[in-house]
Amino acid sequence: MATLKPILLVEDNPKDLELTLEAFAEAQLANDIVVARDGAEALSYLFHEDGQAVSKPTDPKYPAVIILDIKLPKVDGIEVLQRIKANDSTRAIPVVMLTSSKEEQDLVRSYRLGVNAFVVKPVGFKEFFDAIRDIGSFWAILNEPPPGCHPRRPRGS
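Positions in the sequence shown are counted from 1; adding 1 to them yields the working numbering.
Treat the hints with care, since some could be wrong.
What the hints assert, rightly or not - Subject to a maximum C-alpha distance of 20 Å in a straight line, what follows is the list of computed PhoX-like cross-link-like pairs (lysine-lysine):
#, residue 1, residue 2
1, K127, K16
2, K72, K86
3, K72, K103
4, K103, K122
5, K122, K16
6, K16, K72
7, K57, K86
8, K72, K122
9, K86, K62
Since the hints were derived computationally from the structure, they do not count as laboratory data.
The task is simple: from the sequences and hints, build the whole structure.
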């Protein structure tokens, strides 16, 4: 079986980060979870200083999906999304905005820039947990990536 691509989780809130990691663990995803705690850290994972992508779709470091908060220190999620979707090597990576923002401008800008999904973080613990588990399961197991991009775990594995 091909090596599964990691999930890049970009989250600065320690409580949300802990809950997200627990939900992914409960979903029994086999993908590694790479955590970036701010936008700059996410960009340094994905790009060299000269702006070239660190990895190509065939590289094991290439994420299966990026779970991205909007309100981040150093570089906000909108700018991270813009950089991802502007680069030919990273454009195909699915990006899910997972944010507490309910601002219409954030929603509109995210979709204009090419976000694949926009999820407002549920306030309740169980709802948040369920949403994260479902996001991980969909993007890491059910979603069919473009050919040659990133293998997913076969259903039933």
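Cross-check of the supplied hints:
{"no.": "1", "hint": "K127 x K16", "verdict": "holds (14 Å)"}
{"no.": "2", "hint": "K72 x K86", "verdict": "holds (18 Å)"}
{"no.": "3", "hint": "K72 x K103", "verdict": "holds (11 Å)"}
{"no.": "4", "hint": "K103 x K122", "verdict": "holds (9 Å)"}
{"no.": "5", "hint": "K122 x K16", "verdict": "holds (12 Å)"}
{"no.": "6", "hint": "K16 x K72", "verdict": "holds (15 Å)"}
{"no.": "7", "hint": "K57 x K86", "verdict": "holds (14 Å)"}
{"no.": "8", "hint": "K72 x K122", "verdict": "holds (12 Å)"}
{"no.": "9", "hint": "K86 x K62", "verdict": "holds (17 Å)"}
Consistency with the previously given hints is maintained throughout, with no hint failing.
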